Amino acid sequence: MDMAQNGTSVSIQDLSLNFGAVSVLKTLNLDVAQGEFVVLLGPSGCGKSTLLNCVAGLLDISEGRIFIKGKNVTWEEPKDRGIGMVFQSYALYPQMTVEKNLSFGLRVAGLPRDEIVKRIARAAEILQIEPLLQRKPSALSGGQRQRVAIGRALVRDVDVFLFDEPLSNLDAKLRSELRVEIKLLHRKLQNTMIYVTHDQIEAMTLADRIAVMKGGVIQQLDAPQTIYNRPVNRFVAGFLGSPAMNFVEGRLEKHGDGWSFVAEDLKIPLGTYQFDGQPEAGPAVFGIRPEHVSLNSGTGWPFSTSANVEVVEPMGSDTLVWLKLAQQKFSVRVTSERTPQNDEAVTLGFDPMRASLFDAETGGRI
Amino acid sequence: MQRSWRRRFHLPAVIGTIPMILVAVGVFVIGIGFSVLWSFTSSKLFPTYDFVGLAQYRRLWADSRWLVSVNNIWFFGLMSISCNMVFGYLLAVFMDQRIRQEDLFRSIFLYPFAMSLIVTGLVWQWVLDPNLGLQAAMRNLGWSSFSFAPLVDANTAIYALVVAGIWQGSGVTMAILLAGLRGVDEEIWKAARVDGIPTWRTHLSIVAPMMKGAFATAFVLQCVGVVRVYDLVIAMTGGGPGIATSMPAVYVIQLITVRQNVGQGMAAATMMLLPVLVVLAFSGLVLWRRNRRQEARV
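So the sequence lines, in the order shown, correspond to chains A and B. In terms of my numbering, the first sequence is residues 1 to 366. In terms of my numbering, the second sequence is residues 1 to 298.
Honestly, I wouldn't trust all of these hints.
Said to hold, decoys possible - Taking lysine-lysine and the PhoX-like style, the derived pairs with C-alpha atoms no more than 20 angstroms apart in a straight line are:
1. A/100 with A/136
2. B/212 with A/100
3. A/136 with B/44
Derived from the structure by calculation, the hints contain no laboratory data. Predicted, not measured: the structure shown is a model, and the values here were computed from it.
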């Protein structure tokens, strides 16, 4: 393979996995560049952890090939693939001290003693777990345990790190702390990392590229901002972003030489919208993120309309204002000091350029 | 004071457990008390209160039959417990491979334990009987020189008992250890595979230490079974040939019923109680110290 020369670290080709009659992964392709941080994101049961286990060699695949550093490792044992893995439950060996947890695999592999000591010292320094080396996992906090688990991957001196929802067992505060640490670790080590999560914030903050998965298929593989701004289908659009994107169901119609989105008495001219292909008149879904809508900010927008506020949800840094557009629920994110009251009449405006249009039937981007 | 007492003892619960408490106190405590008391008397057919000090113990430890019994119980205990643990663990590992028909296999392995030892011991005796069992069958098939009669040989009878004991006990050990094995997080196995640790090594160095509790439970159950082993011996060998397979429990019953020597029988029974008490005291001490350490940490 010429993958190594191209700087491809992990290459998954036409991978399929079936459990009996159930197809879990369907002819999946994914190339991860050397040093890249790819996040597999999706709801539970989408096959993201399964895919990671296949890359690790913990699951035998039904079809396809897996290359790591240009070497075909499809049928290699996990230890021979040049990977380290971090698990959600940490999976530390509970009867061993932190130091033994780190060294056990190396000792079994028959590494020289001074080399083991050197690697542990390096990992402990990077992860700042030196004071914990003689403790048992039961005497560590969740964050410390996860650090040790990362250390166990680190001492293996591998090219590819695999993370299987490593932060899901931690509380919100620790999660955001460790998220930053993982990002720093990636900057420091420059290893290839594949990271599985169902948390979109983790995905957005950590990833160079995100692979959004659903039903064993990668829906979209792109940089976080691209996925956020130009989702390829309604599923991706709805899965990423909190608060979620607004969807208004209606029709795409041609008026004169311009296209418009029409729902009941609402008519949004799409002059600034960039269509993916040649649009066709018919049922469609108009999607726009709450933060791309502006409230009470004049009429300088390509599209503006008025509505009555139904509910106001203060969220600390900003406020979510709920109203109805064409009889459908619609939210606007307001950061200004003056937030509207319930039942207040407001004008809202946005640029359809920031919106996404989806086919009502297939959900694909128009 | 009053309130904490009430919080600790709910009246309905106390009433509910009174029969059990009565049985425990009446049978165990009082019964054991009298056993110890009579072991210091010269009781023969009926208990008397003619105290003779340690005379019964001196006679007991001079009795070759008792010495053989003690030797036998050590041999039987060490052999059957260690083999039970090993086989039980191997069976549990086998059962943990997500085999088909797991329920069927579990029933098969547990079956020996569910049946009375008097019955299974009898079956074993038939199988090993030279005129009825394996030897006769092989000879009938034409292998006339085939000889397999472990129960009638004083040197091998104890091995037959050990085998029967393992056959009977390893199923329970398996059930307990299987539960322990299932309690080990699957990600531990995955982590060990990624670390490149061979399966046997994972079992030995990681999983088995995680199953300390299950091992302890199985071990204690086995020990209890060994100390009181009686029916197996009676059904298979009756303590024979001669006194070759006599065990302390067999010895005690024989002294009381056949040889009508209650005093010495009680001395033997008290000697059987001693190691149990030592183990209990030791485990109690360990538990107490662990609790104290935990309290100190909190």
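Now the hints, each set against the structure:
1. At most 20 angstroms may separate the alpha-carbon atoms for a hinted pair to count; residue 100 of chain A and residue 136 of chain A meet this at roughly 9 angstroms.
2. A hinted pair counts as satisfied when its Cα atoms are at most 20 angstroms apart, and residue 212 of chain B with residue 100 of chain A qualifies at roughly 19 angstroms.
3. Only pairs whose Cα atoms come within 20 angstroms are accepted, and residue 136 of chain A paired with residue 44 of chain B is rejected, the gap being roughly 59 angstroms.
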